[in-house]
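In the order they appear, the protein sequences are chains A and B.
Numbering of the first sequence is given in this note's numbering, commencing with residue 8 and proceeding in unit increments.
Numbering of the second sequence is given in this note's numbering, commencing with residue 176 and proceeding in unit increments.
By construction, these hints were calculated from the structure, which means they are not laboratory data.
Treat the hints with caution; some may be incorrect.
To be verified - If you anchor each label on the Cβ, the simulated ranges turn out as follows:
{"id": "1", "chain 1": "A", "residue 1": "Val59", "chain 2": "B", "residue 2": "Ala254", "range": "44 to 52 Å"}
{"id": "2", "chain 1": "A", "residue 1": "Lys90", "chain 2": "B", "residue 2": "Arg233", "range": "40 to 48 Å"}
{"id": "3", "chain 1": "B", "residue 1": "Arg233", "chain 2": "A", "residue 2": "Lys78", "range": "29 to 37 Å"}
{"id": "4", "chain 1": "A", "residue 1": "Lys90", "chain 2": "B", "residue 2": "His286", "range": "16 to 24 Å"}
{"id": "5", "chain 1": "A", "residue 1": "Gln48", "chain 2": "B", "residue 2": "Thr193", "range": "22 to 30 Å"}
{"id": "6", "chain 1": "A", "residue 1": "Asn33", "chain 2": "B", "residue 2": "Lys178", "range": "31 to 39 Å"}
{"id": "7", "chain 1": "B", "residue 1": "Lys178", "chain 2": "A", "residue 2": "Lys90", "range": "22 to 30 Å"}
{"id": "8", "chain 1": "A", "residue 1": "Gly47", "chain 2": "B", "residue 2": "Thr253", "range": "40 to 48 Å"}
{"id": "9", "chain 1": "B", "residue 1": "Asn202", "chain 2": "A", "residue 2": "Pro15", "range": "34 to 42 Å"}
{"id": "10", "chain 1": "B", "residue 1": "Thr193", "chain 2": "A", "residue 2": "Gln24", "range": "21 to 29 Å"}
{"id": "11", "chain 1": "A", "residue 1": "Trp118", "chain 2": "B", "residue 2": "Thr244", "range": "22 to 30 Å"}
{"id": "12", "chain 1": "B", "residue 1": "Arg233", "chain 2": "A", "residue 2": "Gln48", "range": "43 to 51 Å"}
{"id": "13", "chain 1": "B", "residue 1": "Lys230", "chain 2": "A", "residue 2": "Gln24", "range": "27 to 35 Å"}
{"id": "14", "chain 1": "B", "residue 1": "Ala254", "chain 2": "A", "residue 2": "Glu22", "range": "45 to 53 Å"}
Claimed, not checked - To give a feel for the contact side, a few chain B residues facing chain A, derived at Cβ under 10 Å:
{"id": "15", "residue": "Asn182"}
{"id": "16", "residue": "Gln213"}
{"id": "17", "residue": "Gly216"}
{"id": "18", "residue": "Arg217"}
{"id": "19", "residue": "Ala258"}
{"id": "20", "residue": "Ala261"}
{"id": "21", "residue": "Leu264"}
{"id": "22", "residue": "Ala266"}
{"id": "23", "residue": "Ser272"}
{"id": "24", "residue": "Tyr273"}
{"id": "25", "residue": "Arg279"}
{"id": "26", "residue": "Val285"}
Stated by the list, open to error - Far from chain A, some chain B residues (derived; all Cβ distances over 12 Å):
{"id": "27", "residue": "Gln181"}
{"id": "28", "residue": "Val220"}
{"id": "29", "residue": "Asp242"}
{"id": "30", "residue": "Pro257"}
Every residue gets a Cβ at the ideal spot worked out from N, C-alpha and C, and that includes glycine.
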Amino acid sequence: DGGITQSPKYLFRKEGQNVTLSCEQNLNHDAMYWYRQDPGQGLRLIYYSQIVNDFQKGDIAEGYSVSREKKESFPLTVTSAQKNPTAFYLCASSIVPGPSGNTIYFGEGSWLTVV
Amino acid sequence: SQKIEQNSEALNIQEGKTATLTCNYTNYSPAYLQWYRQDPGRGPVFLLLIRENEKEKRKERLKVTFDTTLKQSLFHITASQPADSATYLCALVAGGSYIPTFGRGTSLIVHP
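Please build the complete structure, drawing on both the sequences and the hints.
What follows is the structure, given as structure tokens:
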């Protein structure tokens, strides 16, 4: 089935560690996104990418890094510089948006907890 | 500053009634607005899109209205069912952009 696969579902990070969240899509979508969701909060955009080897910072990029070496993959690294990383992370994708709109398809999310 | 406001209090209704959720925004000129459903611990799922020049959109038991003068969208679920219980998020896309900005969502609880 086509979709977006995020892994791992649950991840624990020690202070000072970098961790990487995986996101793979087989929808042949050009655009990919990472959002962060805190309890009772809306989704906040971390990074997005419209094409391979190009990505843009979102509203809360500090302490995060991404790469887009392949169309289907958009991993997110949470670095030690991110002081409050405990959250629910959502990867998403969409076709190249056009005048008809941009429907976002989300993965099932990854829970990151600092221990 | 730009704001998207959704009622933070949960909406509790009885099965069979119509649920109405509100999304208000300020300092936006949206090209279109979307509604998503999110179940606990899962990713949001797209439901409906309505453009700035459209007043109303329907899909089965769902109806969305968009009033750019009031800067408000209403999301209706008719003949609601317990399975409709979830958090509903509205998202705006500004003209010239394609990145949705999401509201916090409103939790809907439908009681049998």
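Verification of the supplied hints:
1. Against the hinted window of 44 to 52 Å, the Cβ-Cβ separation of Val59 (chain A) and Ala254 (chain B) comes to about 45 Å, which satisfies the hint.
2. Separation of Lys90 (chain A) from Arg233 (chain B) is about 45 Å and conforms to the stated range, judged on CB atoms against 40 to 48 Å.
3. Between Arg233 (chain B) and Lys78 (chain A) the Cβ separation comes to about 35 Å, which falls inside the hinted range of 29 to 37 Å.
4. For Lys90 (chain A) paired with His286 (chain B), a C-beta distance near 41 Å fails the hint of 16 to 24 Å.
5. As the Cβ distance of Gln48 (chain A) to Thr193 (chain B) is approximately 28 Å, the hint placing it in 22 to 30 Å holds.
6. The hint said 31 to 39 Å for the Cβ distance between Asn33 (chain A) and Lys178 (chain B), and at roughly 36 Å that hint holds.
7. Between Lys178 (chain B) and Lys90 (chain A) the CB atoms are about 25 Å apart, so this pair conforms to the stated range of 22 to 30 Å.
8. For Gly47 (chain A) and Thr253 (chain B), the Cβ-Cβ distance of about 28 Å falls outside the hinted range of 40 to 48 Å, so the restraint is violated.
9. Checked against the given bound of 34 to 42 Å, the beta carbons of Asn202 (chain B) and Pro15 (chain A), roughly 38 Å apart, stay inside it.
10. At roughly 49 Å, the beta-carbon separation of Thr193 (chain B) and Gln24 (chain A) lies outside the given 21 to 29 Å, and the hint is violated.
11. For the pair Trp118 (chain A) and Thr244 (chain B), the supplied restraint of 22 to 30 Å is violated, since their beta-carbon distance comes to about 41 Å.
12. For Arg233 (chain B) paired with Gln48 (chain A), a C-beta distance near 30 Å fails the hint of 43 to 51 Å.
13. Range check, Lys230 (chain B) to Gln24 (chain A): about 51 Å between beta-carbon atoms, so the 27 to 35 Å window is missed.
14. For the pair Ala254 (chain B) and Glu22 (chain A), the beta carbons lie near 51 Å from each other, so the given range of 45 to 53 Å is met.
15. Against a cut-off of 10 Å between C-beta atoms, the interface hint on Asn182 (chain B) is violated, since the closest Cβ of chain A lies about 12 Å away.
16. With a least beta-carbon distance of about 9 Å to chain A, the hint placing Gln213 (chain B) at the interface is held under the 10 Å criterion.
17. Interface hint at Gly216 (chain B): satisfied, since its Cβ lies 7 Å from the closest Cβ of chain A, which is below the 10 Å cut-off.
18. Look at Arg217 (chain B): its Cβ gets to within about 6 Å of chain A, closer than 10 Å, so that hint holds up.
19. The interface hint given for Ala258 (chain B) is broken, as the beta carbon of that residue sits about 19 Å from the closest beta carbon of chain A, more than 10 Å.
20. Evaluation of the Ala261 (chain B) hint against chain A yields a violated restraint, the C-beta minimum of about 14 Å exceeding 10 Å.
21. At about 7 Å, the closest approach between the beta carbon of Leu264 (chain B) and any beta carbon in chain A falls short of 10 Å, and the interface hint on this residue holds.
22. Because the beta carbon of Ala266 (chain B) sits about 8 Å from the nearest beta carbon in chain A, less than 10 Å, this interface hint is met.
23. A cut of 10 Å between beta carbons decides the hint on Ser272 (chain B): the least distance to chain A is about 9 Å, and the hint holds.
24. Here the hint on Tyr273 (chain B) is kept, as its CB sits about 4 Å from the closest CB of chain A, short of 10 Å.
25. The interface hint given for Arg279 (chain B) is met, as the beta carbon of that residue sits about 4 Å from the closest beta carbon of chain A, less than 10 Å.
26. A distance limit of 10 Å between C-beta atoms decides the matter here; for Val285 (chain B) the minimum to chain A is near 20 Å, and the interface restraint is violated.
27. Look at Gln181 (chain B): its CB is around 8 Å from the nearest CB on chain A, not clear of 12 Å, so calling it non-interface is violated.
28. For Val220 (chain B), the condition that its CB be more than 12 Å from all CB atoms of chain A is violated, with the nearest at approximately 7 Å.
29. Once the 12 Å rule is applied to beta carbons, Asp242 (chain B) is consistent with being away from chain A; the minimum gap is 19 Å.
30. Residue placement check: Pro257 (chain B) keeps its beta carbon more than 12 Å from all beta carbons of chain A (closest about 22 Å).
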